[in-house]
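Visitor: When we follow UniProt numbering, the leftmost residue of the sequence shown carries the number 1, and every step to the right adds one.
It should be emphasised that the hints constitute simulated quantities derived from the structure, not laboratory data.
Computed from a prediction, not measured in an experiment: that's the story for all the values here.
Misleading hints may appear alongside valid ones.
Derived lysine-lysine pairs resembling DSS-like cross-links, with alpha carbons at most 25 Å apart [claimed, not checked]:
no. : residue 1 : residue 2
1   : Lys345    : Lys29
2   : Lys345    : Lys373
3   : Lys287    : Lys366
4   : Lys366    : Lys336
5   : Lys430    : Lys413
6   : Lys287    : Lys258
7   : Lys413    : Lys423
8   : Lys18     : Lys29
9   : Lys430    : Lys410
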Amino acid sequence: MMKFPFFTSSRSYYDLTKIRALQAEFFTKIVAAIELARSLTKGGKYSAVVSSYPEGTPVQVTEPSKDTDTVAPANMGTLDKANTTLFSRFNGISGVYLLYRINFPLQFYIGSSVNLGARMFDYYKLLINKSEGRTTVERTFNDSGDPSDWGVVFLGFYPPLVRLVMELFFMNTLFPTMNRVHTVSINNLGNSTHLSFSDMAIGLRAQLSSYFSHEAVIGAFTTLSNAIHNAYKAWEITGKSLNNLGMVIFVYSYTTHKLLFVMSSLEACRAHFHTHVNLLRTCMNLKWVFRQEFILSHTPLSAEELRAYQVPDSAIGQGRYEIEAYNRGTNQLVGKYPSIREARKALSSGNRTYLLEAIRTGSVYKNMYFTRKLINTKINIYRYDAITGAELPSYGGTARTFKAAGIGFKRLKRVLDTGIAYKGVIYTTKPR
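Build the full structure now, drawing on both the sequences and the hints.
Guide: Laid out in structure tokens, this is it:
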């Protein structure tokens with residue numbers, strides 16, 4: 001049974017060749033730890049949680065960067081570069097992270113957070129002395145140099161309670177040198193804890209702890225498992241619905257079916273994608289692919305479940321459905337409605353999801369069945385050179401045009417109404 005030895009070395013390794021050798025060994029151990037987590041849960045009830053590498057993990061690294069000034073893992077960068085990439089991209093995403101000193105990877109720290117983007121920003125502020133460290137580790141970061149000296153690796157994206165179990169596992173396989181203790185506890189019980197995933201966390205604990213033989217490590221897993229169980233029971237006794245504790249969202253790639261990350265709540269998912277919660281709920285309830293790129297789910301999905309998701313009609317979000325309602329018994333037309341919203345108002349349907357499900361599946365709702373006809377309201381926008389009149393590449397509808405062409409929405413509307421060219425380009429809704 002393979003074990004990962006505690007890193008030991010001296011600072012005589014500061015020449016570039018030895019630094020690269022240390023980094024290669026360091027990333028090899030990280031990849032081995034991720035592979036180990038996958039193998040221990042393979043075929044288990046909760047294996048879907050760790051079945052795929054999240055984007056940017058060191059498994060994608062084949063060799064150190066050729067740039068001698070930065071040898072951080074591919075797609076990750078240092079904490080100063082993360083200021084413009086990771087902070088926004090991983091805002092509201094739950095998971096386990098690793099921070100390491102680039103020129104001395106023997107010095108590294110493992111932690112977890114329900115909001116990785118915000119946590120990375122906290123470390124960034126510590127390193128530039130914009131905030132004071134409250135713990136021993138945070139005070140260490142206050143005195144540890146420039147943010148560009150520190151690299152970031154995300155070991156995985158997991159639901160809030162599950163990330164505690166995974167944090168404990170990675171601590172006791174990689175042995176971080178900056179962690180004061182290699183144990184994990186539950187703090188600040190509340191909505192962000194997402195106790196509805198306690199069964200998943202306890203199940204993974206049983207699978208992962210079987211790898212270890214040291215009594216102290218097994219005891220740490222048992223203590224964490226008991227704490228999760230007790231927390232669940234405490235909330236259960238109070239009578240509070242677990243649904244009110246938050247809705248964890250699993251985000252998969254539609255093309256590869258890989259788990260990309262886990263959002264800690266529906267609100268975090270909304271903020272991350274800059275969209276509306278109703279659209280997210282609709283995509284999950286109707287098994288639609290979100291933005292033709294992402295699969296969203298409340299729970300981990302099997303390969304068969306992932307294949308059930310479909311790309312909706314292109315006019316969704318840029319069109320409307322005309323709804324016809326028929327009596328179940330007589331098959332007579334009961335009503336005709338210009339949109340789902342009008343149908344819901346007329347039928348006094350308080351829950352839009354039930355009506356949508358009936359429309360999509362043909363099931364009976366309030367003794368009626370429904371048919372729908374898509375009314376396309378999408379407007380294509382064409383672009384032409386203002387001088388030569390030559391046709392330029394078009395991007396489709398209004399939203400895609402103002403994003404891709406770098407023109408504001410209000411300005412785009414103005415040039416469409418007036419026909420005036422903007423930066424040498426004429427925009428029109430009618431092809432020439």
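Visitor: Which of the listed hints are not met by the structure?
Guide: 1
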